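Chemist: Those protein sequence lines, which keep their order, are chains A and B. The working numbering puts the first residue of the first sequence at 1, with every later residue one more than the last. The working numbering puts the first residue of the second sequence at 1001, with every later residue one more than the last.
Please keep in mind that the hints were generated in silico from the structure rather than gathered at the bench. Owing to the predicted nature of the structure, the values given are computational and were not obtained by experimental measurement. Any given hint might turn out to be false.
[As the list claims (entries may be wrong)] Distance condition first, Cα-Cα at most 20 Å in a straight line; then the derived EDC-like pairs of lysine to aspartate or glutamate: (1) A/35 x A/45; (2) B/1080 x A/45; (3) B/1011 x B/1079; (4) A/75 x A/6; (5) B/1042 x B/1032; (6) B/1011 x A/3; (7) A/74 x A/6; (8) B/1111 x A/36; (9) B/1080 x B/1010; (10) A/7 x B/1079; (11) A/71 x B/1010; (12) A/71 x A/6; (13) B/1080 x A/6; (14) A/35 x B/1079; (15) A/75 x A/3; (16) B/1111 x B/1046; (17) A/75 x B/1032; (18) B/1011 x A/6; (19) A/7 x B/1010.
[Said to hold, decoys possible] Where chain B lies over chain A, by a calculated footprint (3+ residues, C-beta under 8 Å): (20) 77-90; (21) 94-100.
Think of the CB as a built atom: it goes at the ideal place given N, C-alpha and C, for glycine as much as any other residue.
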Amino acid sequence: MFDPTEKNLLLGAFATAGVDVGLEGYYGYTVASGKELKGQFPFIEFHPAIPPLDDWIACAVFPALLYTLGKGMKKNSLVQMAKGGAIYGVSELIGQTVYRVAGQIQPTAARYIVVRR
Amino acid sequence: MNFLKLSPVEKRLLLGGIASSLIYYGDRVAYEYMPTYPAELKNQLDPHLPPNADIITLVAPPVAFYAVTKVSKSSTTQEKVADLGFGSALYSFPRLVQRIGVYTAWTEGAKARPAARFTAPMAQARYTTSIPQATRVAVTPTVGKYRLTA
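The shape of chain B in the complex, shown without the other chains (with noise of 0.2 Å):
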């Protein structure tokens, strides 16, 4: 495959792929980096699946490819968004596919992993406690010092 020498319809549907590619991967900048991401879009309906926000960015654009060519008329621009949606296709199908699976290894990955071993501390005391006795100090009045008046 000569990139150099893609026929026009060869080079729509690659043209389809990477703007799939880059709606998903521009997705994910700011699912990584925005603090004000929707929480409800990094939920996963179950921890196999990817999160809500992969699934659709992953189907949203050959859906919309599909919804331009069955509105507009002209039948020119319809085989070429078709083309353009099928290259989306092409790449999106397939990864949310392998998204899936990655996020089930992952979960049963982490299910396979050894449980952490806490052991008990069987601590033994080290230091002793001890009541300080109480001692009698004998007090010698003082005489002449201070004189007692009524």
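The following block holds chain A by itself, in its conformation from the complex (with noise of 0.2 Å):
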């Protein structure tokens, strides 16, 4: 069904996605057991509008890792899985970015207006 090439880009791809589940699944189980991880490493917020440190290292840092990795060993698989992860990475990155402007742009306090006539 996959050559070679598409497997291990499939591959970068699911494991940049599992290391992002990693740490946004270990937040979500913090807050949601009654603990606040907010501000603390690596859920930081730099600022609304863009995504938090756990994100960055998840989509940007890791396929990078990979890529270092792959080109110093010289293993053009795990340079492949990077360009997967990368993929996915990027494109998280810049839908949730416009999902995060997106809510500054839209005021709280006019999400509910209900017109009557």
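Please dock the two separately framed chains into a single complex, following the hints provided.
Modeler: Structure below.
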């Protein structure tokens, strides 16, 4: 069904999503169980319109690490995995930034206006 | 990976991923800020699963690209759309797994939350009630002011 390159790309994308779910899942579990994590490393938010640090680690640092490892060890499969991870990561960061910017533009008070005539 | 020196195939893969991500987050914006957003899409089949809208917006783009690949007759178009579709899948399917993982973590975390303690207030009465005693008031009749007439 998939050739080896496509397999490596998919594997890299799933590995990146795995790091993402590890960090965000830990945050979700801890917050849902009643503890506060906001502001603690790596759940640091620089600006409400920019994704927090844990997303940058999962979506940018991890693929970059894979790429560096692949180049260093001269393993093409790792480089391809890094590319798969980068496609997932870049898409996620762009999408999340758009979502957060939309949240900033949308005034909270105007969210549920019921117009009665 | 030099983003300025991407091969045409890599560019299409990235474009497919970004398109898929924008569709997903575009729906998230509508979900959050649109008052008339359908409740059916906000529902969850199971607390461990993301809302129905998330599942649909993550599965639909790769499927749509795949359908276009099957429908189109030009081999060049087929190849290009297949790349876009694979790029879309590279974002959507891992993202769906990520969402399921995060919702599972939230649900399990909520289960692990210690139950809130509501201690029954052992309130003691602070105020004593008293019934005022009826008192007799002697009224001296006024004489001469009013005269009783038949």
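Chemist: Give a verdict on every hint.
Modeler: So, going through the hints one by one against the coordinates:
1. A/35 x A/45: holds (18 Å)
2. B/1080 x A/45: violated (38 Å)
3. B/1011 x B/1079: holds (13 Å)
4. A/75 x A/6: holds (16 Å)
5. B/1042 x B/1032: Within the cut-off at roughly 10 Å; holds.
6. B/1011 x A/3: holds (19 Å)
7. A/74 x A/6: This hinted pair holds, its Cα atoms lying about 19 Å apart.
8. B/1111 x A/36: This hinted pair holds, its Cα atoms lying about 16 Å apart.
9. B/1080 x B/1010: holds (11 Å)
10. A/7 x B/1079: holds (18 Å)
11. A/71 x B/1010: Holds, at about 18 Å.
12. A/71 x A/6: Distance of about 19 Å is within 20 Å: holds.
13. B/1080 x A/6: The hint holds at about 15 Å.
14. A/35 x B/1079: Violated - the C-alpha atoms of residue 1079 of chain B and residue 35 of chain A are around 50 Å apart, more than 20 Å.
15. A/75 x A/3: Holds, at roughly 17 Å.
16. B/1111 x B/1046: Measuring from Cα to Cα gives roughly 15 Å; hence the hint holds.
17. A/75 x B/1032: violated (44 Å)
18. B/1011 x A/6: The hint holds at about 15 Å.
19. A/7 x B/1010: Given pair residue 7 of chain A, residue 1010 of chain B holds - Cα atoms ~15 Å apart, limit 20 Å.
20. 77-90: holds (count 8)
21. 94-100: This one holds; 5 residues, not fewer than the three required, reach chain B with a Cβ under 8 Å.
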